[in-house]
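Novice: Each chain, written out:
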Amino acid sequence: MAGLAWPNKAVRPYESLWCLTQRFLWLNRPSRSDLVHTIKLPAENIFALSLICGEEGKRRFEQESLRRLLHLSDLQWRRATLDMSAVASQTCLEMRFCRECLTYAYHTVVFQLLTVTHCPVHGGMLVRGCPYCDKEIPTTFKSRLLRTPFACPHCKRALAEAAVIMDSPCIGPHHEIAKIATWYRWVAGLPRAESRPLPGASKMPQIDSPVLPLLELAGRRPAPGSIRLNRQPLMEGSLLSACFGARVFWEDEESCFDRERRNAACYKSYRRHLQRRIPDVHRLLGAYARRLDGVCDEPIPPSSEEAKTAAFALVLFRNSMEGWRDAHCFYCRHTRLSAGTRGFEIPFESAGLGPHGGINRFPCSRAERQWLLDHFFCEAIRGIFAEALLRAREMVRSGAYQMEILAPSESETRPYSLGIFDPQERLEFWSLRLGKGTKGANRDSEVRASGAGKAGVRSRLALPLLVTRIAAPLHPSLAAPISSSRDGSAPTSVP
Amino acid sequence: MNLIYQLPESLDHPLVRGQYALYTPPIEEFIATVCEWIDSRVTGGYIYGVSRLGKSRAVRFWVERRLSEKYHGQLPFFRMVYKRHDRFSEFELLQELLEASRHRYGKSKNRNIMLDRLARFYAMRAKNAGGNHVVLMIDEAQDMRDPEYRTICNLQNALDSLGYQLTVISVGSHELTYQHEVFIQTGDIHLIARFMVRDAPFRGIRNADELRFVLDGYDADTEWPEQSGISYTHYFFPHAFEGGFRIAKYSRELWSIFAEMGPHSPGYKLDVPMEHIAKTVEGIFRNFSDDRMVEEELTQGDLAGEVEKTAYRRHMRAISLIPSSARGR
Numbered sequence: 001m002a003g004l005a006w007p008n009k010a011v012r013p014y015e016s017l018w019c020l021t022q023r024f025l026w027l028n029r030p031s032r033s034d035l036v037h038t039i040k041l042p043a044e045n046i047f048a049l050s051l052i053c054g055e056e057g058k059r060r061f062e063q064e065s066l067r068r069l070l071h072l073s074d075l076q077w078r079r080a081t082l083d084m085s086a087v088a089s090q091t092c093l094e095m096r097f098c099r100e101c102l103t104y105a106y107h108t109v110v111f112q113l114l115t116v117t118h119c120p121v122h123g124g125m126l127v128r129g130c131p132y133c134d135k136e137i138p139t140t141f142k143s144r145l146l147r148t149p150f151a152c153p154h155c156k157r158a159l160a161e162a163a164v165i166m167d168s169p170c171i172g173p174h175h176e177i178a179k180i181a182t183w184y185r186w187v188a189g190l191p192r193a194e195s196r197p198l199p200g201a202s203k204m205p206q207i208d209s210p211v212l213p214l215l216e217l218a219g220r221r222p223a224p225g226s227i228r229l230n231r232q233p234l235m236e237g238s239l240l241s242a243c244f245g246a247r248v249f250w251e252d253e254e255s256c257f258d259r260e261r262r263n264a265a266c267y268k269s270y271r272r273h274l275q276r277r278i279p280d281v282h283r284l285l286g287a288y289a290r291r292l293d294g295v296c297d298e299p300i301p302p303s304s305e306e307a308k309t310a311a312f313a314l315v316l317f318r319n320s321m322e323g324w325r326d327a328h329c330f331y332c333r334h335t336r337l338s339a340g341t342r343g344f345e346i347p348f349e350s351a352g353l354g355p356h357g358g359i360n361r362f363p364c365s366r367a368e369r370q371w372l373l374d375h376f377f378c379e380a381i382r383g384i385f386a387e388a389l390l391r392a393r394e395m396v397r398s399g400a401y402q403m404e405i406l407a408p409s410e411s412e413t414r415p416y417s418l419g420i421f422d423p424q425e426r427l428e429f430w431s432l433r434l435g436k437g438t439k440g441a442n443r444d445s446e447v448r449a450s451g452a453g454k455a456g457v458r459s460r461l462a463l464p465l466l467v468t469r470i471a472a473p474l475h476p477s478l479a480a481p482i483s484s485s486r487d488g489s490a491p492t493s494v495p
Numbered sequence: 496m497n498l499i500y501q502l503p504e505s506l507d508h509p510l511v512r513g514q515y516a517l518y519t520p521p522i523e524e525f526i527a528t529v530c531e532w533i534d535s536r537v538t539g540g541y542i543y544g545v546s547r548l549g550k551s552r553a554v555r556f557w558v559e560r561r562l563s564e565k566y567h568g569q570l571p572f573f574r575m576v577y578k579r580h581d582r583f584s585e586f587e588l589l590q591e592l593l594e595a596s597r598h599r600y601g602k603s604k605n606r607n608i609m610l611d612r613l614a615r616f617y618a619m620r621a622k623n624a625g626g627n628h629v630v631l632m633i634d635e636a637q638d639m640r641d642p643e644y645r646t647i648c649n650l651q652n653a654l655d656s657l658g659y660q661l662t663v664i665s666v667g668s669h670e671l672t673y674q675h676e677v678f679i680q681t682g683d684i685h686l687i688a689r690f691m692v693r694d695a696p697f698r699g700i701r702n703a704d705e706l707r708f709v710l711d712g713y714d715a716d717t718e719w720p721e722q723s724g725i726s727y728t729h730y731f732f733p734h735a736f737e738g739g740f741r742i743a744k745y746s747r748e749l750w751s752i753f754a755e756m757g758p759h760s761p762g763y764k765l766d767v768p769m770e771h772i773a774k775t776v777e778g779i780f781r782n783f784s785d786d787r788m789v790e791e792e793l794t795q796g797d798l799a800g801e802v803e804k805t806a807y808r809r810h811m812r813a814i815s816l817i818p819s820s821a822r823g824r
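Chains as they are written, first to last, in my numbering: chain A, 1 to 495; chain B, 496 to 824.
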C-alpha cells in the first residue's frame, strides 16, 4: 500500500472489519479529512458505515471503498463481516471482545453473534464494551474513534499493546471460529422461501429466536456446539413438515383467478372442518351473532367455557376471513369468496413466493411454487384461527365481546413457514408455530393424516388433506406437536 | 559547439539535465562505511566532507540502490534533505520527514500524531521487509541543531518501543564536525551518544587512477537511452567514439591540470571535488564537436580551459583554508 503503513499479510483468519479498520487507523493516524480523501466518500457516509455487517445496496458500494483500502480479497471480506440478511437480529449492537484475544489485538465478527457467548478459541466469556470501563464501544465507523484507534473512546485505554497491534500475531487454531462462520454462511446462503419472521420471536430475547433451530433441523445441518441455540421454543411449539415428493419439471399454468378459487375452497374446507369440531356450533354462533348486533338481549345459552371460546373464535375468524360489514353477514351465504369481497389478504410476496421467486432466489418450478403457496396459505389461516382463539378466550373471560379483524401481520400465533429442498432435492415445507401465547387456549394442532399426495399432480390433493389434519381445537390430547410426512404420504413425528 | 546538443532529444539527456551520478571510489568507500555501521546496528553516525565532493549525489543516486542490492531489499531506507528554517519547528521537521518518506498523510495538527504516524510507517516498512531495522539518512545535516536531533531522538524511542531499530546517518559539510564539538560543550552528550557514535569523511578524487575510473564511467558505465548500449561519450561523439575516442584517455593530463591549479600549501593533500570533474567533462562534451574529435586530439590547453571554467582554482583556494581535521585529511 503505497504511502501508507499496512502489513503485507494484513488479515488474520476471520479477523473482523472492525479490527482491521482499527489497526489501519492506529497505524496511519489519519485525520477526518485524510480519510475522506483516501476513501473518496462523503464524511457522513464514511462515519456511518457498519464495521460488522456487510451491507447491501449503496452501503455495499461504500463498504467496497473500505475493502479496497484494506486490500481485502472477496473471501477475506466475507469472513470479516456478517451477512446482514441472515443474522442482523442475532448480533450484538456494540462491540464484544474476548480478553485473551485482545492480547493478540484480535477480534472476529463471530464474537458479535448473540448465540456465541464464549470465545471459540480460548473459551473465555465474551465481554460487552470496554474491558476496563464496561462502556459501549460502537460498531460503526465513528469519527471520534479516529482520536483513539484501538482504544476505548470513553476511558481512552488501549485495548491492546502497541507492539502487538504492530505485529498482530495469529491467535492459534481457529477451526472453531471457522465452524461457526461456515454454519452462519450456510444459513445466509441457504436457498429458501420463508414467511415473515415469527411475530412472537420479536418479543423474546433475540438469541432465543426459533428460526435458526428450525433451519438447523430443516436443513439437516447441526450447528456447532459453540453456537448456543435455544431449541426450547421448537420443542414447545407445533411443527409441521410436508414433502413435495419427486421433483417435477412440467409447468403448471394456473391463473391468479384459479388461485383465488383454490384459496377460497381451501378456506371453506377449513371452516367446515372447524364447525364439525365445535359442539352445537350453529346454536352458539347464532346466539353470538345476535348478541353482537344488539338485536337480541336474551342470555347466551349455558355452555362450557371452551365451547363458548371456540364458537366466538369461529365468529372472529370468519369475520376476519370473509370481511363482514356487520354480524348480519353471518347469515348471508357467500357463494364465492374473491379477493374483493374477502377482507383477508394472504401476503404471498412477503412470504417470498411472489412472481420473481423467493428471497434467496429460491429455484423452484411453477408447480412446486404453487404447492408451497397452498401450504403457506393454509398455515396462514391456521394462524388466524389460533389468534381468534386467543382473543375469544380473553373476551369470554372478561365478558366484553367485540368484533374485530385479526390482521395477519400482527398475529401472535402466525406460524413461521419455510420452503426448502431436502438433500434429495425434493421440495419440503416446514412450519413452526410457537407454543407461547397459544398455551392454555386449546390451540389447534396437527394430527396424523394418511394418504397425503405425492409429487406434481397429487400436490393439488395434498392441500385439503393438510387442512383436514391440521385442526383439532378442542382436544388437548391431540395437542402434541406432530409433523406430517417428509414424503407426503406417511406423517412422522419431529424429534 | 557540439551539434548533438542542438538536437531536441538531447535536451532529455541526463548529462544535459544534470540528472546523473557516476559511481566513484569515494562513493564506494562511503557506502562501505554506511554498511559497516548498519551491520553494527549503530544508532547514528555522521559523514562529513567539504562541499562539491558529491555527497548529495551519492545519497540521492547510489546509497539506496547499493543498500538494496546488499541487503536484498530487506532494509528500508529513507532519505531526507534537511531544509534550514529561521526558527525550529517540530511540526515542520516531522512534516518534512513524512513527505520525504512519501507518507500519504503528510500533515496533521498534532505533532504526537505525526510522530506516531512516522514511527509506525517506518516500523511497518521494516516488518514488511522481514526485519526490524530502518535507516534514515539526512542530507545537509550540518544545519541541524539540538532541537532537531531531539525530535529524531523521540522518533527513535517510539520505534524502539515497537521493537524496531533506527539508524540515523547524517551527511553534511565539514561543519558537522563543529556541531559535534558544540554538543560536547553544551553537555548534550546523549545526542552525541545517539547520533554521532561514528563519523567518517567523504573525500574527493585523489589520484590519476581514480580519475581514470571516473572518466571510464562516461565511456563505458553509462547508458542513454535506456537499454540502448550507448554510453554518454558514444552519444555525444558517435563517429569519434567508433574511431577510438575515449575521455578516459585524458585522465593523466587532466589530473596534472587539477594538481597544477590546486592549492600548493605545505602539507595540503589534493582532493578534487567531483563537481569540477563532472563540469569539466560536460564542458568538453558541450563545446567540442564530433568532427573535431575525429580529426584531432584534445590539447592540454583545451582541457585547462574547461577546468578553468568550473572555477576550480577559486573553490580549492577556499577549501584549503579549512582546517585539515574538518576536511578529514
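If you're looking for bench data, these hints aren't it; they were derived computationally from the structure. Bear in mind the structure is a predicted one, so any value in this text is a computation, not a measurement. Worth double-checking, as some hints may not be accurate.
Simulated coverage check for chain A against chain B, where a stretch passes if three residues somewhere in it have a Cβ under 8 angstroms from a Cβ of chain B [to be verified]:
| no. | region |
| --- | --- |
| 1 | 22 to 28 |
| 2 | 267 to 274 |
No more than 30 angstroms apart at the CA atoms, straight line, and that leaves these computed lysine-lysine pairs for DSS-like [as the list claims (entries may be wrong)]:
| no. | chain 1 | residue 1 | chain 2 | residue 2 |
| --- | --- | --- | --- | --- |
| 3 | A | 40 | A | 156 |
| 4 | A | 9 | B | 602 |
| 5 | A | 156 | A | 9 |
| 6 | B | 744 | A | 40 |
| 7 | B | 578 | B | 744 |
| 8 | B | 774 | B | 764 |
| 9 | B | 602 | B | 578 |
| 10 | A | 9 | A | 142 |
| 11 | A | 142 | A | 40 |
| 12 | A | 135 | A | 156 |
| 13 | B | 565 | B | 604 |
| 14 | B | 804 | B | 744 |
| 15 | B | 565 | A | 9 |
| 16 | B | 602 | A | 40 |
| 17 | A | 135 | B | 744 |
| 18 | A | 142 | B | 604 |
| 19 | B | 804 | A | 156 |
| 20 | B | 744 | B | 774 |
| 21 | B | 764 | B | 744 |
| 22 | B | 565 | B | 602 |
| 23 | A | 156 | B | 602 |
| 24 | A | 179 | A | 9 |
| 25 | A | 142 | A | 156 |
| 26 | A | 142 | B | 602 |
| 27 | B | 774 | B | 804 |
| 28 | A | 179 | A | 156 |
Glycine residues also receive a C-beta, built at the ideal position from the N, C-alpha and C atoms.
Novice: Indicate, hint by hint, whether the structure satisfies it.
Specialist: Each hint tested on the structure:
Taking a C-beta to C-beta cut-off of 8 angstroms, the region 22 to 28 of chain A contributes 3 residues in contact with chain B, enough for the three needed, and the coverage statement holds. Remark: the region 267 to 274 of chain A is not confirmed as covered by chain B, as 0 of its residues place a Cβ nearer than 8 angstroms to a Cβ of that chain, below the required three. For the hint pairing residue 40(A) with residue 156(A), the CA-to-CA distance comes to about 28 angstroms; that is within 30 angstroms, so the pair holds. Restraint check for residue 9(A) and residue 602(B): satisfied, since their Cα atoms lie roughly 27 angstroms apart, inside the 30 angstroms limit.
The suggested pairing of residue 156(A) with residue 9(A) holds, with an alpha-carbon distance near 28 angstroms, which does not exceed 30 angstroms. Proximity of residue 744(B) to residue 40(A) is assessed by CA-CA distance (about 59 angstroms); at most 30 angstroms being required, the pair is judged violated. For the hint pairing residue 578(B) with residue 744(B), the CA-to-CA distance comes to about 40 angstroms; that exceeds 30 angstroms, so the pair is violated. For the given pair, residue 774(B) sits about 22 angstroms from residue 764(B) by alpha-carbon distance, which is consistent with the 30 angstroms threshold.
For the hint linking residue 602(B) to residue 578(B), the alpha-carbon distance of about 17 angstroms falls within 30 angstroms, and the restraint holds. With a C-alpha separation of about 26 angstroms, the suggested pair residue 9(A) and residue 142(A) falls inside the 30 angstroms cut-off, and the hint holds. At most 30 angstroms may separate the alpha-carbon atoms for a hinted pair to count; residue 142(A) and residue 40(A) meet this at roughly 17 angstroms. Pair hint residue 135(A) plus residue 156(A) holds up; C-alpha atoms about 11 angstroms apart against a cutoff of 30 angstroms.
Between residue 565(B) and residue 604(B) the alpha-carbon distance is near 39 angstroms, which puts this suggested pair outside the 30 angstroms criterion. Restraint check for residue 804(B) and residue 744(B): satisfied, since their Cα atoms lie roughly 21 angstroms apart, inside the 30 angstroms limit. This hinted pair checks out: residue 565(B) and residue 9(A) have alpha carbons roughly 25 angstroms apart, not beyond 30 angstroms. Under the criterion of a C-alpha separation no larger than 30 angstroms, the hint pairing residue 602(B) with residue 40(A) is consistent with the structure, at around 18 angstroms.
About 80 angstroms separates the Cα atoms of residue 135(A) and residue 744(B), which puts this hinted pair outside 30 angstroms; it is violated. Simply put, residue 142(A) and residue 604(B) have alpha-carbon atoms about 19 angstroms apart, close enough for the 30 angstroms limit, and the pair holds. With a CA separation close to 65 angstroms, the supplied pair residue 804(B) and residue 156(A) exceeds the 30 angstroms bound. At roughly 17 angstroms between alpha-carbon atoms, residue 744(B) and residue 774(B) fall within 30 angstroms of each other, so this suggested pair holds.
In summary, the hint linking residue 764(B) to residue 744(B) is supported, as the alpha carbons are separated by about 24 angstroms, within the 30 angstroms threshold. This hinted pair does not check out: residue 565(B) and residue 602(B) have alpha carbons roughly 34 angstroms apart, beyond 30 angstroms. As the CA atoms of residue 156(A) and residue 602(B) are separated by approximately 23 angstroms, the hinted pair is consistent with the 30 angstroms bound. A threshold of 30 angstroms between alpha carbons decides the hint, and for residue 179(A) with residue 9(A) the separation of about 23 angstroms falls inside it, so the pair holds.
Distance check on the hinted pair: residue 142(A) and residue 156(A) sit about 15 angstroms apart at the alpha-carbon level, within 30 angstroms; holds. With a CA separation close to 21 angstroms, the supplied pair residue 142(A) and residue 602(B) stays within the 30 angstroms bound. For the hint linking residue 774(B) to residue 804(B), the alpha-carbon distance of about 9 angstroms falls within 30 angstroms, and the restraint holds. Of the pairs offered as hints, the one joining residue 179(A) and residue 156(A) is violated, with about 34 angstroms between alpha carbons and a cut-off of 30 angstroms exceeded.
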